[in-house]
Each structure stands twice: as structure tokens, then as C-alpha cells.
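Please put together the full structure from these sequences, using the hints given.
This is what each chain is made of:
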Amino acid sequence: MTQTAPLVLPADWRDFFALTKPRVMSLVIFTGLCGLLAAPGSIHPVLGFTAILCIALGAGGAAALNQWWEADLDAGMKRTAKRPLPAGRMQRGDARDFGIALSVASVLVMGLAIGWLAAGILALSILYYAVVYTIWLKPRTPQNIVIGGGAGAFPPLIGWVAVTGEITMMPVLLFAIIFFWTPPHFWALALFVKSDYAKVGIPMMPVARGETSTRRQILAYAVLLVPIAAAPWFIGGTGMVYGLAALALSLAFLALSLPVAFRQTGTDDAMKPEKRLFAFSILYLFALFAVLVVDRVLVVNGVTA
Amino acid sequence: MTPEEDIERKRRQRSRNLVMGGLLLFFVVLFYAITIVRMGD
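Just so you know, the sequences run in chain order P and U. Going letter by letter, the first sequence gives residues 1 to 305 in the numbering used here. Going letter by letter, the second sequence gives residues 1001 to 1041 in the numbering used here.
These are calculated hints, taken from the structure and not from any lab test. These numbers come from a predicted model, not from an experiment. Among the hints, a few may not be true.
To be verified - Some but not every residue of chain P turned toward chain U, in silico, with C-beta under 10 Å:
{"id": "1", "residue": "A11"}
{"id": "2", "residue": "D12"}
{"id": "3", "residue": "S42"}
{"id": "4", "residue": "V109"}
{"id": "5", "residue": "A255"}
{"id": "6", "residue": "L258"}
Yeah, the Cβ is synthetic: ideal placement off N, Cα and C, and Gly gets one too.
Now the structure itself:
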């Protein structure tokens, strides 16, 4: 009698695409593109496109590695249970190999086509997300999001460096904006999906330190974001249009965090202030980086100082 | 493997091959374009 291994259907290409977290990638592409467009100097459109493609491929590779490592955790959460690995539509090793291939290819192409400084930062961002955040910090500390947020902050820095070939104060500030934006953005989400994280034992802030502490910290980061978002204007890196828009957007962000900071979840709570803050936080980042580019265009054309 | 599974397996393989072929073609064109641009630097 011979035993045969159970036949497994090959994964659909759409499942490989889903591994790259396309929705997260859209924000990565957008902020990377804004960093590239706002940087002083110019880059050939083909090389600019290649740089953004590499940033997107790197983010996709890191996302695939994240899902490979967290397949068991994802299976236990309603929000993530339908992903290709927990749903059983793909073999785990395939996801790992796909993630590694995307990551390595993105760094190599970035190095060969754009430059090795941009490629080095891209490699660092992938390792930061896949290893420092996913494997090391996420299961160990409620500060996981604060440190892990750094991974999402790299794209505008890489886009900027792809044009200028050097790290200056401006791209570091763009990094800082996303770094300080991530905790209130993610904790607002964690407040209304906290039961899921608690179920799989991930020490998200609302689970590990409690709701009150999380709400106060959201406010603290929203306060910090006001001067940090406007800092590119303060140091003379942008014009007035960006400066005023950054202040207005950050003050609106702060105003929406206030009701979140000073309330408690009731029974059958619809969590409207938290959902409103989460939705606005996405709009905030898109608007802030869009204004950064608009401001650059206005300054270059002599419309504003 | 049932006939239905076999049809599904072939469909998935065909669509994966098409996507892979398209990606390879895209990267050939991209590397050609990058080479031309970099030669002009």
C-alpha cells in the first residue's frame, strides 16, 4: 500500500497579491511619491517610477513576511482570518519565499537603478518591519506600535533620498511625522477591535495598559504631532501653504483626539469618536503629504515664498 | 482529484503563468528603459 500526500491546489495569483496588503501599500506608495516629488532636485521619470516601484515591492515583501510569521495569530482574529494563509488557500512556505523574493528584488533593483543609500534604507525598513516589529516587538511589548511605526515612516525618506542621494533634516522630519502619527492612528483602531487582539494574546496598548492609559497616550501623540508636522515650515524647508495647512490639519487631529482621550467605553458602545479619529487620521496623512507636494510646486514656480 | 478540482487547478496554473509572463515582460521593458536612462547620465 502506498500513501500519497494530499493534493493541494496551487494558490491563485490574487492570493499572492493579497499577501502584499495592497491597501497599506497605497499609503506607502503615496507617501513615498510625495517624498520624491517634494525633494529639491529632479529625477528622470523612469527612475522616479522605479524608485516608487521598489518602495512598493519592498513594502509588499515585508507584508508577506509579516503574514507568513503571523499566520496562526491571524487565524484567531476576525479581521484577519480570511487572509490567504489562515484561510488555507496557500502553503506557508510559499508566502515566506514570495516575501523574501520581493524584498531581495526590490533592494537590488533600487541599488542598481537609483543608488545604494536608498537601497540600504529600503533594506533597513524591510528588516525593521519583518524582524524588529513582527517577530521581536509586536508579541513582547505594548509599545510595539510606537517602535514598529518606524517601518511605515521610511517611504517618504526613501523617496527623498532617491532624488537627493543624501539624508538631511527634511526627510528625517517626514519620517518623524509618520512615526508620531502611527500610535494615535493605530490605537484608535485597537480601541474598537481590542477584543480580537486580546484573544490572540498580542499586548496592544488597550489590552496591556488599559483603556484610560491608551486614550491619554493618543492625546499626547496628537499634541506632539502639531509642532512636528509644522516643523518642515519652521526650519524653512517648505513654504507658508504647507505650514498653515499642517497646523490646521494637526489642530483638527488634536480636536478629534480630545473626545477620545476623555471618555470611557460604555456597554454597547458604537465607539464613534474612535472610529471618527481613525478615519480622519488616514485623511490627515494623505492631505498633509499632498499639501507638501503642492507647496513645493508653488514655491518652485514662485507663487509663494 | 475530482474533474472539477482538475479544471480549477488548470485554471489557476494558466492565470499564474499569464501573470508571471506579464511581470517578466514588464521587467524586461523596465530594465531596458533604466539602462537607456543611466547611459545618458
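Hints versus structure:
1. Annotation: A11(P) was flagged as interfacial toward chain U, and the flag holds, the nearest CB pair being 7 Å apart, inside 10 Å.
2. With 10 Å as the threshold, the beta carbon of D12(P) comes within range of chain U, its nearest partner Cβ sitting at about 5 Å, so the hint holds.
3. Among the interface hints, the one on S42(P) is violated; its C-beta lies about 13 Å from the nearest C-beta in chain U, farther than the 10 Å criterion.
4. Interface restraint check: V109(P) against chain U, minimum CB-CB distance 8 Å, threshold 10 Å, status holds.
5. Interface hint status for A255(P): violated, as the beta-carbon distance to the closest one in chain U is roughly 45 Å, over 10 Å.
6. Hint on L258(P) is violated. Least Cβ distance to chain U is approximately 48 Å, over the 10 Å limit.
Checked against the numbered hints given earlier, the structure breaks hints 3, 5 and 6 and satisfies all the rest.
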